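Peer 1: Protein sequences, first through last, are from chains V and B.
Using the UniProt record's numbering, count along the first sequence one by one with no gaps and you end on 98.
Using the UniProt record's numbering, count along the second sequence one by one with no gaps and you end on 449.
Keep in mind the hints are simulated off the structure, nothing from the lab.
You can trust all of the hints, since none of them are fake.
Distance condition first, Cα-Cα at most 30 Å in a straight line; then the derived BS3-like pairs of lysine-lysine: (1) B:Lys379 - V:Lys22; (2) V:Lys36 - B:Lys227; (3) V:Lys36 - B:Lys378; (4) B:Lys216 - V:Lys88; (5) B:Lys196 - B:Lys73; (6) B:Lys287 - V:Lys36; (7) B:Lys227 - V:Lys21; (8) V:Lys21 - B:Lys321; (9) B:Lys378 - V:Lys21; (10) B:Lys106 - B:Lys52; (11) B:Lys227 - V:Lys88.
The model shown is predicted, which means the values in this text are computed figures rather than measured ones.
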Amino acid sequence: MAVPITLEFSGGAELLFANQKKHSIELPGSQKWDVKSLLPWIRDNLLQERPELFMQGDTVRPGILVLVNDADWELMGELEYEIQPNDKIVFISTLHGG
Amino acid sequence: MAADLERLRQEICRREEELSELKQRLADMEKKSVEDASDGTEPKTIHNGNQKLTNDQIGRYSRQLILPELGVKGQVKLLSSKVLIVGAGGLGCPAAIYLAAAGVGKIGIVDYDEVEISNLHRQILHTEHRVGVSKAESVAISCRNLNSSLNFITHKVQLSSDNAMSIIRDYDIVLDATDNVATRYLLNDACVLAGKPLVSGSALRFEGQLTVYNHKGGPCYRCLYPKPPPPETVTNCSDGGVLGVVPGIIGCYQALEAIKIAADIGTPLNQRLMLFDAIDCTTRTIKLRGRQVLCPVCGDNPSMTQLIDYEQFCGARATDKDQEKKVLPASSRMTAKEYQTLLENGIEHVLLDVRLPVEMEICHLPHPALNIPINTVKKDPSALVEQIKRQLASSGIPLDTSPVVVVCRRGNDSQLAVQLLHDSNLNIRDIRGGLHAWARDVDSLFPVY
Numbered sequence: 001m002a003v004p005i006t007l008e009f010s011g012g013a014e015l016l017f018a019n020q021k022k023h024s025i026e027l028p029g030s031q032k033w034d035v036k037s038l039l040p041w042i043r044d045n046l047l048q049e050r051p052e053l054f055m056q057g058d059t060v061r062p063g064i065l066v067l068v069n070d071a072d073w074e075l076m077g078e079l080e081y082e083i084q085p086n087d088k089i090v091f092i093s094t095l096h097g098g
Numbered sequence: 001m002a003a004d005l006e007r008l009r010q011e012i013c014r015r016e017e018e019l020s021e022l023k024q025r026l027a028d029m030e031k032k033s034v035e036d037a038s039d040g041t042e043p044k045t046i047h048n049g050n051q052k053l054t055n056d057q058i059g060r061y062s063r064q065l066i067l068p069e070l071g072v073k074g075q076v077k078l079l080s081s082k083v084l085i086v087g088a089g090g091l092g093c094p095a096a097i098y099l100a101a102a103g104v105g106k107i108g109i110v111d112y113d114e115v116e117i118s119n120l121h122r123q124i125l126h127t128e129h130r131v132g133v134s135k136a137e138s139v140a141i142s143c144r145n146l147n148s149s150l151n152f153i154t155h156k157v158q159l160s161s162d163n164a165m166s167i168i169r170d171y172d173i174v175l176d177a178t179d180n181v182a183t184r185y186l187l188n189d190a191c192v193l194a195g196k197p198l199v200s201g202s203a204l205r206f207e208g209q210l211t212v213y214n215h216k217g218g219p220c221y222r223c224l225y226p227k228p229p230p231p232e233t234v235t236n237c238s239d240g241g242v243l244g245v246v247p248g249i250i251g252c253y254q255a256l257e258a259i260k261i262a263a264d265i266g267t268p269l270n271q272r273l274m275l276f277d278a279i280d281c282t283t284r285t286i287k288l289r290g291r292q293v294l295c296p297v298c299g300d301n302p303s304m305t306q307l308i309d310y311e312q313f314c315g316a317r318a319t320d321k322d323q324e325k326k327v328l329p330a331s332s333r334m335t336a337k338e339y340q341t342l343l344e345n346g347i348e349h350v351l352l353d354v355r356l357p358v359e360m361e362i363c364h365l366p367h368p369a370l371n372i373p374i375n376t377v378k379k380d381p382s383a384l385v386e387q388i389k390r391q392l393a394s395s396g397i398p399l400d401t402s403p404v405v406v407v408c409r410r411g412n413d414s415q416l417a418v419q420l421l422h423d424s425n426l427n428i429r430d431i432r433g434g435l436h437a438w439a440r441d442v443d444s445l446f447p448v449y
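Model the full assembly from the supplied sequences, consistent with the hints where possible.
Peer 2: Have a look at this one:
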């Protein structure tokens, strides 16, 4: 049973993904997926360049905010959040310009 | 001629500042004369039956006074509120002018920098003839022209760990309209320590972000971002570009949030983050975590009780000005003048321009160039080395003698490219200072962007 979800990248994070902001994907296999296992899947399957600008260790690099269905992932269990079908996971690179 | 022009510009500037001061004096005297008159037996407010606003104020703010949510009560709060804007740039300009228009009694503006021509597409309170003038002063002049009855304070300093607390102390609400990571952490910590809400805006390219930190149980900047981003992941407006209206919109939102907090109306944006995408014209507001009990600055047992060295903490300078990198030894570099000589002598070479195609369209050197953006160079340098070798070979040029010259806008990316493309068979160098040096030292008619 593949898990269909939507991924979005903004704030410049999309530049690591061939400048494509929205990705509809299906997470393969029958196992349960959480954000912790999603991150390396994104790195290995979607990321176009420089993985160090997306991940640091087993989490996102500092300066990227993760949203699960429009809420801060901290409210949802961060890496442990178990991904549900049709979830929307968003990665936002913080802006500093002005 | 040039000296005359410069003299005239300075004269206009001087008079503008003088005029601005006179207006402030007039406003102060008018205010005083009204107060003096009201010391007599007849209170000045007898005609309007309102003890709190003057007739002038009622007239000026009438269109917002009649909003039931704001009313006299809210306007009185605005007039007695003190808002500090840190950064007189793309966010600070629109924020300042709306705060002045709405009648925020005291508006402070912090900026150490001076107006440049490349600021004007987004920093809309500055003017052509105020190029070279203090940005804080320039914003105060424009705001005073709109509303001379308010008190404008300019702080022409770089906000630092030494001065932040004493500057912030005099204000109720702080706007983060800065342009770099180190100053954002500094301002956050100072606002937490001083107990002030921080209305934070940022913008780059076509996107903007907005939130209110340290307010009504919401998080501070550090709760969200305990660790600073790696410096190489941070892009400034000068490198990434920004459409002027985007910080314009976010700066207006910052003024709006500050007005709401000052007048105590509506629902502030604390513990929420608004994301604006101009390309798709979408806004999205998301729920953020609350204040973190373990936060080192706003948590229950804070480990930080005073400001620290933020440039060290972030590993980056507290400015968005570009730093000149020194990656290559002098032997791997040539000056713009040396490249000019090479061109004049008709020496066969490969010119590699590592800027984006959009930048090639703006301007390029007078020699056909191979255009490979630096990010493409980074992906597969050895393939590019082979491509260059093939190009040299097909022209029948001996590899080791004919130079490969790398150029970019300022001479930073070109150094990285030379480093990546290092090959014992190639004579490869970059142009020190890039196209900026070419414009400065060789061709004064060459554009600078």
